[in-house]
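Q: Spelled out from the first residue to the last, the chains are:
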Amino acid sequence: MVDMSLTPEQQKVQQIAREFTAKYIIPVDREWDEKGEFHEFILEEVKKAGLNCMAVPEEYGGPGYPSVTQSLVAEEWGYGCAAFATTLGGNGLSSYPLAIAGTDEQKKMYYGRLVNGGMGGFALTEPGAGSDAGACSTIAKLDGEEWVINGTKCFATTCGYADIMVVFASTDPSKGVKGLSAFIVEKEREGLIVGAVEHKMGIRSSNTVELILKNVRVPRAHLLGKEGEGMKLAMKTLDMARPIVASIAVGVGQRALDEAVKFAKEYLDVNGKPLGSHQAIAFKLADMATQVEAARQLVRNALRLKDAGVPYTKEAAMAKTFATDAAMRVTADAVEIMGQYGYSKDSIVEKLMRDAKVTQIYEGTNQVQRIVISGILLNS
Amino acid sequence: MQKLLVCYKWVLDEQDIKIAGDLSLDTGRAKYKISDYDKNAIEEGALLAELHGISVEALTFGTDAVKQSLKDALSRGLDKVYWIGDAASEQADAFVTANVLAAAIKKLGQYDLILCGEGSADTYSQQTAPRLAALLDIPAVTFVQKITVADGKVIATRKLGDCIEEVTVTGPVVISVLPEINKPRIPGLKQVMAAAKKPSEEVKVSELGIAAEALTAKVRAVSRKGYVMDRKKVVFKEAAQADNVAKLVASLAQHVLEERGS
Amino acid sequence: MSYALTEEQQLIQQNAREFATEYVEPAAAEIDHTAAHPADIVKKMIEQDFLGIFLPGEFGGAEAGYLSYTLIIEELSRASGAVAAVLLNHASLAAYSINRWGSAEQKQAYLPSLCQGEKLGAFALNEPGAALGAGEHRVTAVKDGDSYVLSGRKCYVANGGAAGLYIVFAQTDPEAGAKGISAFLVDAKTDGLSVARLIDKMGLRGCQSAELVFDQVKVPAANLLGAEGAGLAIAAEALAAASIAEGAMVVGIAQAAMEDAVKYGKQRIQFRRPIATFPAIQSMLAEMAANIHMLRLAVYDAASLLENGQAFVAEAAMIKLFAARIGQSALIDVIQIEGGYGYSQEMVASRLYRDVKGAVIKNSSLDFPEKIIAGNLLA
Chain A
483 MVDMSLTPEQ QKVQQIAREF TAKYIIPVDR EWDEKGEFHE FILEEVKKAG LNCMAVPEEY
543 GGPGYPSVTQ SLVAEEWGYG CAAFATTLGG NGLSSYPLAI AGTDEQKKMY YGRLVNGGMG
603 GFALTEPGAG SDAGACSTIA KLDGEEWVIN GTKCFATTCG YADIMVVFAS TDPSKGVKGL
663 SAFIVEKERE GLIVGAVEHK MGIRSSNTVE LILKNVRVPR AHLLGKEGEG MKLAMKTLDM
723 ARPIVASIAV GVGQRALDEA VKFAKEYLDV NGKPLGSHQA IAFKLADMAT QVEAARQLVR
783 NALRLKDAGV PYTKEAAMAK TFATDAAMRV TADAVEIMGQ YGYSKDSIVE KLMRDAKVTQ
843 IYEGTNQVQR IVISGILLNS
Chain B
17 MQKLLVCYKW VLDEQDIKIA GDLSLDTGRA KYKISDYDKN AIEEGALLAE LHGISVEALT
77 FGTDAVKQSL KDALSRGLDK VYWIGDAASE QADAFVTANV LAAAIKKLGQ YDLILCGEGS
137 ADTYSQQTAP RLAALLDIPA VTFVQKITVA DGKVIATRKL GDCIEEVTVT GPVVISVLPE
197 INKPRIPGLK QVMAAAKKPS EEVKVSELGI AAEALTAKVR AVSRKGYVMD RKKVVFKEAA
257 QADNVAKLVA SLAQHVLEER GS
Chain C
-5 MSYALTEEQQ LIQQNAREFA TEYVEPAAAE IDHTAAHPAD IVKKMIEQDF LGIFLPGEFG
55 GAEAGYLSYT LIIEELSRAS GAVAAVLLNH ASLAAYSINR WGSAEQKQAY LPSLCQGEKL
115 GAFALNEPGA ALGAGEHRVT AVKDGDSYVL SGRKCYVANG GAAGLYIVFA QTDPEAGAKG
175 ISAFLVDAKT DGLSVARLID KMGLRGCQSA ELVFDQVKVP AANLLGAEGA GLAIAAEALA
235 AASIAEGAMV VGIAQAAMED AVKYGKQRIQ FRRPIATFPA IQSMLAEMAA NIHMLRLAVY
295 DAASLLENGQ AFVAEAAMIK LFAARIGQSA LIDVIQIEGG YGYSQEMVAS RLYRDVKGAV
355 IKNSSLDFPE KIIAGNLLA
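Residue numbers (this note's numbering), protein chains in the order written: chain A, 483 to 862; chain B, 17 to 278; chain C, -5 to 373.
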């Protein structure tokens, strides 16, 4: 079915991503979830398909896709496996700070590693700093021409095997939130220790780790943007990432919907009629489809504003909240419609229901999103 | 060995008691329970009764609330419960309790072995069993963690501060038990349902011929306050972690010295 | 809660809580991890007379009533939904059906061993790929002298593989569609009956789920439960009785989850205050507290109706409908409150999230609570 709102170029990329997903992701989504592992060989295939680090501009070796195009790919990946989408999406997330505040040198360094097939990591959260990201206790001190960073990060996506990451640390604890700064840290830096691996209920093949920094030294030039601008940078980064995360959620919702529709068509009830012939089921599917489509359009809208250079923070937060809440509802509904089969590991929908839950939490909980939205509404 | 008696107390469950800001106790939501070590005493009585094919009864003294304890007690392997519900129990200390129990026991008949918990969950005076024995003019054996009955004799193992002592008693005896003696089984459904069919009998204080002085507590509770341990909230914030560790160690060492009173 | 439980019911509830805390809670994580049938705990439940809670004393039951049973299910569910599910499938489906529709001989033959836990009971209802009687693998029962011969496959059989007795729903009259289904009492050890595979599930993992193969399984005609063709009606009522207990499961799981979230919210500090002080968190907690409270009352009420021999099917359907909704939303919110930590496999909340969904799963397409309720209204 052709999406008339997309340009031919976008339709082409969407098709490539769709085929990639069908060929490489869907056949192993179950296995990755069970093992909690991600096969890095996939990155080679992703590169070949031109889908690696989509956010990297052409001048730095990336495909330089516009935002809507990126979201199409993210949605297809989300359709295949939210964990995979989160991991690849993490490449984007971690590269956004460079787009916002990176110097040419820094961009060359960071983007270069991603374009060559490396993974990017983003380390902001700490045990005492979740929604309250400003309560950061990782410290960075200038020692001559080097920054020395000490602290512990947690729930750091992909940092277990990321080649390069953006790490947030406080350069002036007395200033609280205004003392936060961002740094580029490569994995080979001494003192960078990957700690405990999180065993999660869902998006299990996405690597989530504790990151310990013990006197990690990086050159002065690795400070991203200005000292004290870390929080602003983090917020802008999350703004950019939210619609992508929302796209992943749309993909998850679409997959759940497709599985439920297939089931409703094929599963015969006690009278030999398809389950979908029961109006209660049919109407539920209609509601699910409406939710997914509404989520999709909210995402596209937010990204069109972004690509037009217009403020889009509120729309991005709306898209993230709506799409992830919708994914949660739709996946739960799919399991319900599909009964015992849906609840078992014979079906993929139980995984979708486990994966969907985290989308309501990461990239800023949906409660934080509502603070953002209402803040803009009430302060304008 | 023919008849066993277990004495138990029906107490407020301390888990339900809330401590207010001024340290006063809020018992509004508190439910009652059989005092913890008394559960061990009941279990021991039930086990001995099962093992030797003899009867085991129970006796309890409290306010009217004790009526709620009957099915609970009877579901734990007892054949019958005697209950005394009287306002006198509200201010009663071990002196009064022992007087009432002794008077009741004298009326109810001869028991070969009387079991009590080492102390009650609320006041823990540990006096009731020895006082009871003295009033009945029979021996008391306390801190018991094991009981064996053989050849009409009771062999009790006592867990004392610095040793384990084995005592053999011939003839009626009051024994107070430690929680180590057994792990009370959770009553099965059939036991709970059967409790309603088992006998219970009220004993009235007025019919026991107890003198007024014997019903007046010698120990009067002046106040009851909650105990809250205040956190010291000391934070070690030196720049170098090694310094923090050193400070922590020094602080702990100081604390230990203070506790030892040196 | 001012709902007056009898003294016995209060004691039963208390004891069940003690049992769950002492024996079930410490084993819950391991049971979920290995997904193995919790035989040890079942043994302990037998000692507590849990296997025949509401069954008549003459067959070894405790005669404690259906309400006591739901109290026990709730307490077990707080600790482990899987353990509760094992008991539920045995009691509300298998034992209930025999007690309700069995002949005197059948009751005498099967209830004592179910009550004493010698045999665990299970319903073999669902079939692969389609609803009961509609698919190519449907189990058919062909009369042959004074036996029936059963052939076909059953799947998602709860307690499958662990049960000693299955109540198998098979098609005796292919022409009659839904009215051609009959129920049979089938011993697990009968020749031709085998476990094809155990099925992994999202949650309630200790309640084994199996696919069974019936390869010319010969069942004595005396093992027909109720009349030929009464299968669907039997299943419908038994599922209704089970719905009440499933409601109790959701109450237990959601209550445990809520308490966990409250504990977490009080000690998790963000923005310099416990997150439990934030209105957003409080309204989530308030919502789930209210829902759990309502559901609990509905369960007590429906259980009382059943216990007193009154009509209960519509109320059971209401419970199924409501429990699915509120159990789901409560657990979505609990994990939301606990954030990244709640999402971790190490924390109890993620297991509760996975388990609560299993408590309200529909069985084949027989379960349409809306239709049952509406049917009752419009009758």
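Take these hints with a grain of salt, some might be off.
[Said to hold, decoys possible] Quick list of in silico lysine-lysine cross-link-like pairs, BS3-like style, CA-CA up to 27 Å:
#1 K257/C x K755/A
#2 K249/B x K37/C
#3 K755/A x K260/C
#4 K49/B x K365/C
#5 K755/A x K173/C
#6 K101/C x K248/B
#7 K241/B x K47/B
#8 K206/B x K260/C
#9 K241/B x K657/A
#10 K744/A x K260/C
#11 K747/A x K37/C
#12 K241/B x K137/C
#13 K38/C x K241/B
#14 K253/B x K696/A
#15 K657/A x K206/B
#16 K38/C x K213/B
#17 K747/A x K38/C
#18 K34/B x K173/C
#19 K260/C x K47/B
#20 K356/C x K49/B
#21 K260/C x K253/B
#22 K249/B x K365/C
#23 K623/A x K47/B
#24 K257/C x K827/A
#25 K37/C x K206/B
#26 K47/B x K101/C
#27 K623/A x K253/B
#28 K660/A x K253/B
#29 K766/A x K365/C
#30 K175/B x K696/A
#31 K137/C x K766/A
#32 K38/C x K248/B
#33 K744/A x K365/C
#34 K173/C x K206/B
Quick caveat, the hints were computed from the structure, so don't treat them as lab data.
Q: State for each hint whether it applies.
A: Now for the hints, and whether the structure bears them out:
1. K257/C x K755/A: violated, 48 Å
2. K249/B x K37/C: Judged against 27 Å, a Cα distance of about 47 Å means the pair is violated.
3. K755/A x K260/C: Not OK: K755/A and K260/C at ~52 Å, beyond 27 Å, violated.
4. K49/B x K365/C: violated, 46 Å
5. K755/A x K173/C: holds, 15 Å
6. K101/C x K248/B: The given pair, whose Cα atoms are some 66 Å apart, is violated under the 27 Å limit.
7. K241/B x K47/B: Holds, at roughly 19 Å.
8. K206/B x K260/C: violated, 41 Å
9. K241/B x K657/A: The given pair, whose Cα atoms are some 44 Å apart, is violated under the 27 Å limit.
10. K744/A x K260/C: Violated, because 45 Å separates the two Cα atoms, which is more than 27 Å.
11. K747/A x K37/C: violated, 44 Å
12. K241/B x K137/C: violated, 77 Å
13. K38/C x K241/B: Roughly 41 Å separates the two Cα atoms, so the pair is violated.
14. K253/B x K696/A: holds, 17 Å
15. K657/A x K206/B: violated, 67 Å
16. K38/C x K213/B: Distance of about 25 Å is within 27 Å: holds.
17. K747/A x K38/C: violated, 45 Å
18. K34/B x K173/C: At roughly 60 Å apart (the allowed maximum being 27 Å), K173/C and K34/B break the hint.
19. K260/C x K47/B: With Cα atoms ~25 Å apart, K260/C and K47/B stay inside 27 Å; holds.
20. K356/C x K49/B: Given that 27 Å is the threshold and the Cα spacing comes to 41 Å, the pair is violated.
21. K260/C x K253/B: Satisfied, since the Cα-Cα distance of roughly 25 Å is no more than 27 Å.
22. K249/B x K365/C: The hint is violated at about 60 Å.
23. K623/A x K47/B: At roughly 58 Å apart (the allowed maximum being 27 Å), K47/B and K623/A break the hint.
24. K257/C x K827/A: violated, 32 Å
25. K37/C x K206/B: Holds, at about 16 Å.
26. K47/B x K101/C: Not satisfied, since the Cα-Cα distance of roughly 41 Å exceeds 27 Å.
27. K623/A x K253/B: Holds, at about 17 Å.
28. K660/A x K253/B: Holds - the C-alpha atoms of K253/B and K660/A are around 21 Å apart, at most 27 Å.
29. K766/A x K365/C: holds, 15 Å
30. K175/B x K696/A: Status violated; Cα separation ~53 Å.
31. K137/C x K766/A: violated, 42 Å
32. K38/C x K248/B: Cα-Cα ~44 Å, so violated.
33. K744/A x K365/C: Within the cut-off at roughly 23 Å; holds.
34. K173/C x K206/B: Violated, because 40 Å separates the two Cα atoms, which is more than 27 Å.
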